[in-house]
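If you read the sequences in order, they're chains H and W. Quick note, the first sequence lines up with residues 1 to 111 if you use our numbering. Quick note, the second sequence lines up with residues 1 to 119 if you use our numbering.
Careful: at least some of the hints might be erroneous.
Claimed, not checked - Subject to a maximum C-alpha distance of 20 Å in a straight line, what follows is the list of computed PhoX-like cross-link-like pairs (lysine-lysine): (1) H/K98 to W/K20; (2) H/K110 to H/K60; (3) W/K42 to W/K14; (4) H/K56 to H/K77; (5) W/K55 to W/K20; (6) W/K14 to H/K98; (7) H/K98 to W/K42; (8) W/K66 to W/K14; (9) H/K56 to H/K68.
Unchecked claim - Example chain H residues on the side facing chain W (calculated, C-beta under 10 Å, incomplete): (10) V4; (11) F34; (12) G41; (13) Q45; (14) L46; (15) A53; (16) K56; (17) S85; (18) F89; (19) A91; (20) K98.
It should be emphasised that the hints constitute simulated quantities derived from the structure, not laboratory data. The C-beta atom is built at its ideal place from N, Cα and C for all residues, glycine as well.
Residue strings, one per chain:
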Amino acid sequence: GDSVTQMEGPVTLSEEACLTINCTYTATGYPSLFWYVQYPGEGLQLLLKATKADDKGSNKGFEATYRKETTSFHLEKGSVQVSDSAVYFCALSNQGGKLIFGQGTELSVKP
Amino acid sequence: GAVVSQHPSRVICKSGTSVKIECRSLDFQATTMFWYRQFPKKSLMLMATSNEGSKATYEQGVEKDKFLINHASLTLSTLTVTSAHPEDSSFYICSASPHGGGTGHNEQFFGPGTRLTVL
């Protein structure tokens, strides 16, 4: 069945460091891909999405490119801030609107 | 816009009792709502999908008689954990989608979650 695998955390970075969180997927057909963020004590929020191959999603300085040839959707940010500390979930949506999530990666940014 | 609320945010109950969790879409009508369970340091696991006015569709391994889902209106879905036991302790999250299934590209808006602790 469809699945999402993302790098294990926690990831600890200093402020202004570069961030990459790897995400790969297995799916039939042509899924949409998402990154969700969960700040402490809050619900999941959509961070960015891409609906077809080579699409680049971006928001709040974060980017991810839908790579069909490598079945990947890595999350990147050039300069992280303390306020980016959260848990990040990669997810795919195939048929029926169901979301399949990766295991989540906790990011901690230190000043 | 697109706000989803859950009530209660936290609940502690005794083993053997039932607990009801409400999920409301506050500023849109949700044709479809989803219920997830999240374990500590783990991903979200989809429990069931509910469409307004019809029976919920449960994922494999989820007991439908234990986790009763009702989606009586376009803005409200409820999850009732019946005869709760300590192993049911978890973080339960709902989401709502303004559209039906269809293409699979429809966005889901998530509630803040309900922390259930069964003693």
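Here's how the hints hold up against the structure:
1. H/K98 to W/K20: violated (23 Å)
2. H/K110 to H/K60: holds (19 Å)
3. W/K42 to W/K14: Not OK: W/K42 and W/K14 at ~25 Å, beyond 20 Å, violated.
4. H/K56 to H/K77: holds (13 Å)
5. W/K55 to W/K20: At roughly 17 Å apart (the allowed maximum being 20 Å), W/K20 and W/K55 satisfy the hint.
6. W/K14 to H/K98: Violated. W/K14 to H/K98 sits at ~33 Å, over the 20 Å cutoff.
7. H/K98 to W/K42: holds (18 Å)
8. W/K66 to W/K14: It holds: about 16 Å lies between the C-alpha atoms, which stays within 20 Å.
9. H/K56 to H/K68: holds (12 Å)
10. V4: holds (8 Å)
11. F34: holds (9 Å)
12. G41: holds (8 Å)
13. Q45: Holds - the Cβ of H/Q45 comes within 10 Å of chain W, reaching about 7 Å at its closest.
14. L46: holds (6 Å)
15. A53: violated (14 Å)
16. K56: violated (16 Å)
17. S85: Not OK, violated: H/S85 not within 10 Å of chain W, min 16 Å.
18. F89: holds (7 Å)
19. A91: holds (8 Å)
20. K98: holds (6 Å)
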